[in-house]
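Engineer: What follows is each chain in one-letter form.
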Amino acid sequence: MRLIMHNMLTCNIKGVINKSPLRIEAEKVIKKEVDFNPDFLRHMLAKIEWKALVDGARSMGYTELPVHAPGIESDEPFLRKFHHALLELNLEEGSLVCQESGRKFPVNKGVPNMLLHEKEV
Amino acid sequence: MEDLIILYNLLLHTLLFHSAVAVAVAVSVASLFGEIYPPRSFRRLPKTLFLTLTLNLQWTVMSEMTSRTADILRVSSHREVYEPCDDSFALVDALLADQTNLINHDPKVCMEIGCGSGYVITSLILLLKEKLPNVHYIATDTNQIAARVTNETLQAHGVSAEVVCTDIASCLEKRLAGLVDVMVVNPPYVPTPEYEVGMEGIASAWAGGENGRSVIDRVLPVVDRLLSEKGWFYLVTLTSNYPSEICLGMRKRGYASRIVVQRSTEEENLIILKFWRDKDEEGVDKETSSESFVKQFSRSLSSFMEKQWR
Numbered sequence: 001m002r003l004i005m006h007n008m009l010t011c012n013i014k015g016v017i018n019k020s021p022l023r024i025e026a027e028k029v030i031k032k033e034v035d036f037n038p039d040f041l042r043h044m045l046a047k048i049e050w051k052a053l054v055d056g057a058r059s060m061g062y063t064e065l066p067v068h069a070p071g072i073e074s075d076e077p078f079l080r081k082f083h084h085a086l087l088e089l090n091l092e093e094g095s096l097v098c099q100e101s102g103r104k105f106p107v108n109k110g111v112p113n114m115l116l117h118e119k120e121v
Numbered sequence: 001m002e003d004l005i006i007l008y009n010l011l012l013h014t015l016l017f018h019s020a021v022a023v024a025v026a027v028s029v030a031s032l033f034g035e036i037y038p039p040r041s042f043r044r045l046p047k048t049l050f051l052t053l054t055l056n057l058q059w060t061v062m063s064e065m066t067s068r069t070a071d072i073l074r075v076s077s078h079r080e081v082y083e084p085c086d087d088s089f090a091l092v093d094a095l096l097a098d099q100t101n102l103i104n105h106d107p108k109v110c111m112e113i114g115c116g117s118g119y120v121i122t123s124l125i126l127l128l129k130e131k132l133p134n135v136h137y138i139a140t141d142t143n144q145i146a147a148r149v150t151n152e153t154l155q156a157h158g159v160s161a162e163v164v165c166t167d168i169a170s171c172l173e174k175r176l177a178g179l180v181d182v183m184v185v186n187p188p189y190v191p192t193p194e195y196e197v198g199m200e201g202i203a204s205a206w207a208g209g210e211n212g213r214s215v216i217d218r219v220l221p222v223v224d225r226l227l228s229e230k231g232w233f234y235l236v237t238l239t240s241n242y243p244s245e246i247c248l249g250m251r252k253r254g255y256a257s258r259i260v261v262q263r264s265t266e267e268e269n270l271i272i273l274k275f276w277r278d279k280d281e282e283g284v285d286k287e288t289s290s291e292s293f294v295k296q297f298s299r300s301l302s303s304f305m306e307k308q309w310r
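Going down the list, the sequences are from chains A and B.
Under my numbering, the first sequence has 102 at position 102, and the numbering climbs by one with no breaks.
Under my numbering, the second sequence has 292 at position 292, and the numbering climbs by one with no breaks.
If we strip away everything but chain B, and leave its shape as in the complex, we get (with noise of 0.2 Å):
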């Protein structure tokens, strides 16, 4: 029984030709036929660490090869299309440091708006679909051309979603109200004059009017249509756009909310923030927050603060 499993371990590594597995698997083989003469130490080693040694390292090769993100090389684009940036990793690096509670949370529908490349969608899709493979994905965006790109993204890594070209979500609104259990915006967020605001083209993608905020107020009453009572809610913002004013609008509508990720780049404080309705006690899998919003702005505000000022 041993045997056959060391012979199953060399099939399994000299199809994955992982060189430091090759290692492994000749020693085994070694081990196994007797004849090729491995190190005096190794002889020594029992049969049973050398399995454990082999499985241990083919379970490694194997859980790193399933892409738990979408794969950049494989992304479309176009030059209307907005490419994903550090908005968009950040975002996603949201989603997969909460995959666990995703995962727990079991949600039914799971939705996109402004999907550009496709990059965020096929990224939630992928880090769920093991667990949960029978989950609905929708994706919308104003621009047909990135439905389109999205659409491709999606197929290149073999993965759908229902894709729709529509101003927020303004077609879907009556029939969808209440039944989105996770929603992922990466709004445009930049600040910039008011005329710029959903212009045609690419630049729809950042232009946010004042403060940067145009798209994202109309965006969250939408969402509040549109979550279910469990619903969550992720939102890319910039301290630029005053996500403190965010949350406080969020929470007059019921919604508990944390940060999720902050990153600074040399363009751009980004705030990933996290939304739900928070009437219940908190559970296994439900939110906790250890420290209330305002405290954590605070604090993140004034590293922020001291960083501009070094």
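Isolated chain A (complex conformation) (with noise of 0.2 Å):
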């Protein structure tokens, strides 16, 4: 699951208000390189929580990013970060927790298991 996965997920318990962004418990990060693509991050960076992204990339072990996203003006350097967080770390072994209601929910082997028991739906 890498972290524009996770930027996207909620959780979706009954009477949970808070939905999102779920901490990121990691166990195992692998690093895996992906083509760099400016126009794709430009695209993505509107859609992107930022703090969500920052405190999930923390969470892997990875600190550059700024606290803010930067305005208009992204230059190459902070794209490379960007690109990095956003598409290059790979939570393998871990779990995704819902801030509000403690719940855990499972990532193995790359794959976070979002299913809900009966009584939380």
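The hints are simulated quantities; they were obtained by calculation from the structure and are not laboratory data.
Remember, it's a predicted structure, so these values are computed and weren't measured experimentally.
Wrong hints could be hidden among the right ones.
Unchecked claim - Facing chain A, from chain B, some residues (calculated, C-beta under 10 Å):
hint, residue
1, 142
2, 147
3, 151
4, 162
5, 165
6, 171
7, 174
8, 176
Yeah, the Cβ is synthetic: ideal placement off N, Cα and C, and Gly gets one too.
From the two separate chains plus the hints, produce the assembled complex.
Structural biologist: Next comes the structure, spelled out in structure tokens:
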């Protein structure tokens, strides 16, 4: 699971108001190189929850991201860091934790299991 | 310069070991070195014609070698995961048929709900990635093992997608709303008793409840929320699912539809539908339907019925 996906995930348990972001508990992180595409990154920038990305990256061991995303002028050094955090960090084993309910969603072999139990729906 | 091109061809074709081309190569080499005696007719052929021949053959071989869909031998499997079958192949054929349109459509986010073995999402990636290398792919399945098998299939083909184990798209609906440009779904469509729907294991891949519509009817509103303004949606159905009813329901949500592929096997009458939001006038790469879906259905249903009666 990469941070581009983590940024889109919410906890859908009945009654939970603060559905995202989910806190990451990382047990195994792998780095896989991906082609750098500035256009794609600029396109994604508007859709990403920045704080969730920064916190997620920190939990996976990457602390280079600036606390605030730059405005319109996103230069290459920034885009490179953004690229690395968003697309190259893979959570292989760990959990995603709902900040409100404390429910843990396991991540195994890179796949998060977001299935809810009957009572949670 | 010409001789260099012939040498280059020789090298390439030797590497490819293509027998039909080997003949062309041999003749090219002969014309280059002039030592082996080619038949008199070949000597008369202008060199440029030779070049054209060999380059054309080379091009054909190269394009055939680039696989456009997932390789069935590299698709991972598990006893609890639905293996690619006629329905999967029909869906991929529909995507293949629409390949040029899809590429011109320039999707940024593509998604499959119910990825199973990963055959369909892998094929979608393979047929888009050459012209569109920066698309974001997402695949979901309720079956944990299917999610893992999909990842294995993706890896075996050297491609990747974000795979999530979830019910339809429940953990993604909020943040992905209005962002998906291509949605592909091969749902559990087999008419079964209601209690069989959503059971653990492989049965959840086909059990569709009454008229096979239980899961389809839950998927449609989710798809409607996730699709972007220009979103396209491909759905596998049987005639037993009353696809004309599905299309009418989608029409009320503002979607036009057409049949992309229709296939009758011994057991199933498959209809692959395509939906798109129909507000604008037809554009160059937008959908054009020359006849209404009702006419299409009447025609196809009557031809099915004819086959049954024979």
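Engineer: Would you mind marking each hint as holding or not holding in the structure?
Structural biologist: Now for the hints, and whether the structure bears them out:
For residue 142 (chain B), the interface hint holds, the least distance from its beta-carbon to any beta-carbon of chain A being 7 Å, beneath 10 Å. For residue 147 (chain B), the suggested interface contact is upheld, since its CB lies about 4 Å from the closest CB of chain A, less than 10 Å. For residue 151 (chain B), the interface hint holds, the least distance from its beta-carbon to any beta-carbon of chain A being 6 Å, beneath 10 Å. Interface hint at residue 162 (chain B): satisfied, since its Cβ lies 4 Å from the closest Cβ of chain A, which is below the 10 Å cut-off.
Look at residue 165 (chain B): its Cβ gets to within about 4 Å of chain A, closer than 10 Å, so that hint holds up. Contact between residue 171 (chain B) and chain A, as hinted, is supported at the beta carbon level, the nearest pair being about 4 Å apart and thus within 10 Å. Interface restraint check: residue 174 (chain B) against chain A, minimum CB-CB distance 5 Å, threshold 10 Å, status holds. Checking residue 176 (chain B) against chain A: minimum C-beta separation of about 6 Å stays under 10 Å; hint holds.
Going down the numbered hints, you'll see the structure goes against none, and every one checks out.
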